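J.: Residue numbers (our numbering), protein chains in the order written: chain F, 1 to 360; chain Y, 1 to 515.
Hints in this document: simulated from the structure, not taken from any laboratory. Computed from a predicted model, the values in this text were never measured in an experiment. By construction, the Cβ of each residue, glycine as well, lies at the ideal position given by its N, Cα and C atoms. Heads up, some of the hints might be wrong.
DSS-like, lysine-lysine: derived pairs with alpha carbons at most 25 Å apart [as the list claims (entries may be wrong)]: (1) K134(Y) with K193(Y); (2) K339(Y) with K220(F); (3) K334(F) with K67(F); (4) K430(Y) with K220(F); (5) K339(Y) with K387(Y); (6) K374(Y) with K220(F); (7) K199(Y) with K43(Y); (8) K430(Y) with K453(Y); (9) K354(Y) with K276(Y); (10) K220(F) with K387(Y); (11) K185(Y) with K489(Y); (12) K292(Y) with K453(Y).
Covered by chain F, according to a simulated footprint, are these stretches of chain Y (three or more residues, beta-carbon under 8 Å) [said to hold, decoys possible]: (13) 331-339; (14) 365-374; (15) 377-387.
With the Cβ distance kept under 8 Å, some of the chain F side facing chain Y (calculated, not the full set) [unchecked claim]: (16) K220; (17) P222; (18) A229; (19) G232; (20) N233; (21) Q235; (22) A237; (23) R300.
Letter by letter, the chains look like this.
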Amino acid sequence: MNTPNSSNPPVHPVHAKHSRHTAYVASRIAVNLLKLRIFIALFAIIIVFSLATENFLSTSNMLIMAKHVTVVAILSIGMTLVILTGGIDLSVGSIVGISGMAAGYLLLEGVKIGHHIVFFSPLGVTIIACVLGALIGAVNGYLITMLNVAPFIATLGMLYVVRGAALLVNNGSTYADLEGNPALGNTGFEFIGNGTILGLSMPVWIMLVLAVVTIFIARKTPLGRRIYAIGGNEQAARFSGIRTNRVKLFVYMFSGFCAALVGLVITAQLQTAHPLTGQTYELNAIAAVVLGGTALMGGRGTVFGSVIGACVISILGDGMVMCGISDFWQMVIKGLVIIFAVVVDQLQQRLQSRMVSLTA
Amino acid sequence: MNETPSEPRNMNTANVIETRALSKQYPGTAALVDVNYKVRRGKVNVLIGENGAGKSTLMKLLAGAETATSGEIWVDGQIAHITDVRSAEHHGIGIIFQELNLFPDMTVAENIFAGNELTSSGVIRAKMENHQAKVLLDRLRIPISPRTRLGDLYVGQQQLVEIAKALSKHIKVLIMDEPTSALSKTEVEILFKIIGQLKEEGVTVIYISHRLEEIMAIGDCITVLRNGRLVAEDDIANIDIPWIIEAMVGSSKKRFAFEQHAIGDEVLNVKDLALKRSNGIYAVDHVSFSVKAGEVIGIYGLMGAGRTELLESLLGAQPLALGEIELAGKAIEDLPIPKRIEAGIALVPEDRQKQGMVQLMTILENMTLSSLGKFTRRFVGSLARDKQVEAASDIVKRLAIKASSVDAPIMSLSGGNMQKVVIGKALLTKPKVLLMDEPTRGIDVGAKEDVYKTISLLAQSGIAVIYATSELDEAMAVSNRVFVMASGKLTADIRREEFDSERIVRASTPATAVV
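The following block holds chain F by itself, in its conformation from the complex (with noise of 0.2 Å):
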C-alpha cells in the first residue's frame, strides 16, 4: 500500500525556475507596452507628421484637428458604451444628419402651434435635438430588446431609415444661414459650434465633459458594471437580476444622444445643415473604439481608450492629408491601422495568458 506520501523531488533545477520568471518578466513587459500602444500610436503619428509637414503643430491646424477630433470621438463615446454591451450602432451617422436638419428647421421654420409659429432660443433648439437623437436610439434600443432584432439589422435599418428622413425634412436641401434672428429672439446657435470658454472651443468641452462622466459611468456606477456584465456573460447578468433590457436601452439612446450632439456642432460649425452630414461616421467612430482596445464582443475595453483611439484616427486623417497622401492610399493606410490594432490586440491577450500561466 502506498499512502500519502511527502511530494516528489524537484526535478527542474534552479535555472529553470530562473529562465521562467525572466520569460515572465519579459512578456509582463511586452504586455504592459502593449497596452500602452493606442498611446505610443498617438505619440508616433504627431512625431511623424510633424516633422513631414511645417505646419502640423501651428496653432491653426491644431485648431481644425480639434474640430474632427471632437466629432469622432463624441461619436465613439457613445459607441463604446454599445460595443461593451456585445452590440453596434450603425445608425449614429444619420442621426448626425438628423439632428442638424431638426436644428435648421426649428431655427428657420419654427414650429406652428394653432395660428402661432414659435421659435425656440438655441438652447432650446439644442435640447429638442438631443432629445430626438436619443429618442431615435430609444427605437434602437425598443427594436433590439423588445423585439429581438439583431443590433446590426436594427441599427442598419434605422441607419436607412433616419438618413431618408433626415432628406425629407427640406426635400434633400439645406438649411443655410442658421445666424438667427434677432426679433425671433434665437440668434446665437453658433455658440455650440464655434464659441469658447477660456480658451478652449465648445466642441471640446462638449467632448471633455462627455467623456468625464461616461468614464464616471463606465467604472464607478451600478451601471457601468451591468453594462459589462451584459458584454461579458448576458445569460449570467440577466440570473444575477441586471434588467438587461434597461441597460441596453440606455446604452442605445446615449449614443444616439452622443451623435445629436455631433449633429449640432457641425450644423452650428458651418451654419449650415446639410441632410448627407455624417455620412459613415458610424464607420470612424467603431473604428476608433476598436483602435481604443475595447472587444466587438463586449465586455472589455475602456472609454478613454476609445477617446484616444478617435484621436488617432482623425489625425492620421489631416496628417496624410497635409502630407499630400493621395485619398485612395488614405483608405488604405486607414484600413490597415484598423486591421493591425486588431491584430496586436489579440496578440495582447495571447500574451497575457501565457504571462498567467507562467505566474509563479
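The hints should help you fit chain Y onto chain F, whose structure is shown.
T.: Frame of chain F, contents of chain Y only:
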C-alpha cells in the same frame, strides 16, 4: 487497434501513459507540481482528489487542451509532444470534459462528427453520419434520434452524446471527467456497461469522479491528487473508502453532521405552479407546496423530472410559468427577476459557466453583481469600493474560498471555488429563500461538505433553502424535508424522521415509462 504506422511503439509497457515531473502554473496557484502519473493499460484508472487538487488540469494536459509549464508526457514508452487536442487524438487520447463542449444548434450527429466530418470529395455525407451516429447511440442504448437538435436535450442526455463523440474517434485512452455528475441512475448503469465493453476492447479508461461508491464499483486502480501533487496510488482491491478520504483530505477528518435548528413561519407558498414545454408536455405539472423560514428542502429527481424548471419558475426565469407564488405574504408570480430578487428570492444556477458568472470579471465584480445597489453611494451614484471589498472578503472567509485576492479573475479559480463565488453572489442579496440547482455539481467531497455547512448556517440564520439534486445522499444530507419529482409532478414530500431511500427512489420513477 488503432496504431500509427510511422512510429514503432512499445505496446508491452504496463503503462500506456506516464508523466514525468509534469507541472502547471496558474496565477497565484500551482495547479500541478512535479506529477509522475502512471496510467495502466487496459484498466479503469480512477483519479480522485479534492476540489482544486489538479485533476482537471492534469487531464487537460493529457488531452492537449492546455500545455504544461514544464515536464514530459510519455505515451507507449515514447515521449509525446501534445500541443493541442488533435495531437492528443493522434496519440489515441480522447476526453469527455466536465463542462460540456457541444454545439447546441447542431444535430446530435453533427455534434458527434464535428471536426471529423465524414466526407466524400469534400462534401459532408450527412446520411452516413446519421447512420453511424445511430449505431453509436444504439450501443449507448439511448433512444435519441441523431437528427435531434442538441440544444433540445437535457444535460444528462447531452453528456451521453459527448461520450458517443469521444467514442466515434479511434482512441485507446478515454478520459472521463466526472461523467456521472449529471446522469440518472439508469444512465449511470448504461455508462458502466459501456466502460466494461471498452475494457474488453482493450481501451484504457481514466475515470474522474467524486462518487466514492461508484469508484469502488468500477475502478481497477486509483491515484489520489492533493494540492497539485500526487499523494497516493494503489489497486482498488487493496483499499477502502476511508483510505480514499484520508488520502484526499489529509489527516483532518471532515464528516458532516446534521444539526437540528429552529424553524419559523411560512415564507414561501406555491400553488398550482405549471410550465409547459414547447412539445406540450408539462415540465412542471401543477406543483403546490409550502416552505417555512429556516427550513431546508432537498428536491430529488431524475434527469428531466422538472427540478431545474421548477426553480427557474420560482425565480421568474420562465416567463410562461403559471400559478401562484407567495413570498413572505407577497404575491410575486407577476414580477420580473430583479423584483423577485429584491423581494427575497435568489438562485444559484445549475450551469455556473453559462448562467452563474461573467468570465471576464474578477471575484469581487462577480460577487456584487446582484446587489450593486447596496454598494452605491447616495447622491454621487458611484460604487463604494471599500464596502464591496468588505462584503466580498467576508464571503471569501465565510465560504472558505481559495483565492489570492478578491480582485483575482474568476477564471483563475477551480470549479468548486467558482461555485462558492456564485453562492456568495446570491447571499449578498440577503435572500429569504435561496434556491440552489445542483449546488455541488462537479465539486469534490471536501468542498461539498463546505456547501452543506453553508446551507445549514444559512438555515440557522432563518433563510429557507431549496436545493435540487440528482444525488440521493445529497438530497437527504442536510434537509428537513425531501421533495421528490417525477415527470414534472411532486410525487413525495418526506420529513427527515421518515427518510427512506427506497421510498424516495420509488417516488422518483415516472409512473408511465417514457424512456
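J.: What are the numbers of the hints the structure violates, in ascending order?
T.: none
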